[in-house]
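Student: Chains as they are written, first to last, in the numbering used here: chain A, 204 to 681; chain B, 7 to 146.
Be aware that one or more of the hints could be misleading.
[Claimed, not checked] Derived PhoX-like pairs: lysine-lysine, alpha-carbon spacing no greater than 25 Å straight-line: (1) K53/B x K637/A; (2) K642/A x K590/A; (3) K674/A x K122/B; (4) K53/B x K138/B; (5) K642/A x K122/B; (6) K138/B x K70/B; (7) K637/A x K122/B; (8) K138/B x K674/A; (9) K138/B x K122/B; (10) K70/B x K40/B; (11) K122/B x K105/B; (12) K670/A x K122/B; (13) K624/A x K670/A; (14) K122/B x K40/B; (15) K138/B x K590/A.
None of these hints come from the bench; they were simulated from the model.
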Amino acid sequence: MEKLLHVFNELGWQDVVDIGLNSYILFRFYVLFRGTYVFRVLIGLTMLWFFQQIAAYLGLIVTSWVIQGIVAVAALIIVVVFRNEIRTVLQAKNLKSILWGFTAKTRVAPVDVIADSAFELARRRHGGLIVIPGEEDIEELVQGGIAWNGDISREMILSVFFPDNPVHDGAAVIEGDRITRVGAILPLSRRDDLPSYLGTRHRAALGLTEASDAVVVVVSEQRGEVSLARGSRLRPIGSRRKLVQKLEEHFGLAEFQAPEQRKQNVEIATAALVSLLFITGFWFSISRGLETLVSFEVPIEYMNRDPNMEIVHASVNSVRLNLSGSGTLIKSTRPDQVRVRLDIGNAAAGPNSFSITSSNISLPPGLLLKEVAPQNVVVNLDVTVRKELPVQVDWVGRLPENVLLAEAAVEPARVEVVGGKRILETIATLYTEKVPLDKLREGGGVIEAGLVVQPASLKLASGSSDKVTIKYNTRRRE
Amino acid sequence: MIVWIFIAAIGWPLTTHAQGPARPAAGSPAPAAKAALIQAIVCEEVKDGIPYNASVAFSISAGKIYCFTFFDSVAEEMPIYHHWIFRDRPSARIRLSLKPTRWATFSSIQLREADKGPWRVEITDASGRVFKILRFSVTD
């Protein structure tokens, strides 16, 4: 128990956010895909993954490999086979309904009229397709039809779907207490798991509800049956009372929660709890399992350096960090995720001593710092100045015995460099790269040589060439 | 690095072998001294007050090299210095005397293997004002 409390005490805010965020993502995943085949297959895959973990834990190597292979292939197959369903959920719904789909609906609608009309159509064996939009805009999903914008009434609905009416095969769209469009064409569902007795009318109803939060009342011409399509489900409605109840739920008109609604709320709450427990367990297995110690050599990054100062020397360029964490986390840690930063914004010219503490070190979540070595860094800073230095040729090699290098003029004779004041105080000459004497032509000539700017902290001032021209003369020895 | 230095406290009046007008040191103002530098060279040999084989690159096999300086308009007896500097590190500081009115004097160093590289000789008066800087290399 104490150990458990200790573990919870060590949880940082990042860990809580990590668990919370992922639990919510899993929960939303459930909400978006529940009732579809995708979700069922995902549950199967998750179970397979658990079996694979158990097999690996028990040392059943081949079994573990086989399940792992199945899971990998199945994950790919899901994307290919259920691409339509996935696209429907991820693209057709708006961002709000993907992230938070519990908005209560407040609009008022003539539910009784719709229910009466639907069951009257069923009795007469007239087909019907009545669309009642939700919060989402269905403008892009519903094509064609004739704009009407007439008051809703039982007679009007019956006449729209009367078999001799030219628009009776399309859908009627009801917004508020008005029929806004008739003869509308709905997108067909791409599902291939629908029963064969369901015709185009039912497929059209599902096509719209899968892609939006609308509900569609479908009246079957052949069977005289009323169904309600909502989300990816199409349910037969046996009575007028039931249809009224369902429509009231859709419009948020129900004064009390129907048993179905309560059941749904319990289902949602359970899913939320399971998501939280699952992610918490998964998180602990990843971040707290198999504690491992590892040592990283991390270069020190110096931040906020005064642009007029430069680092002349540092006692160390990197520090060794001893970290602990789960083996999984440590294996997945990239070098750029572990950083040591020193703020030298307040450093003065000369040696500055800094202590490296945990505030200077950034680690991926889940890794803990055990030790830093060395703990102190001395950084020598210098003020940046410009200085003009004479250039001298660094001759090497040997001329023939009877020849002398009489004179050599360098152009430019002086070059401006930029570097630390203290360093430049000790430097009076800028040398060329080594120029071999044995390559010189007898009598004289012109050659080019590069400049050697040392130490590395020195730089040629902008505009200064890194090469010089040497004009030389040779003569015979006296 | 071991540098063998022979200080030539040798100086003598000169009337004949001044080889043209003295050039002021590049980048350094002519000192308001009581002497004018007429000639300054690094050479392989000084014989009878005359420098031989002046150059800007000397083989280590030469064994010894000289810095020869010749002054005119020396108002009174005064010291000058030859600062031998190897790669920006002072190697030797040699004090020499000038006497009125034209005077030549020189210093020298013995070369060793470790002396290969760029050298310079700064010729200054007692106050540190530079008459001229001579640059050369000691090579194979």
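Student: Which constraints among the numbered hints does this structure fail? Numbers only, ascending.
Tutor: Violated: hints 1, 2, 10, 11, 14.
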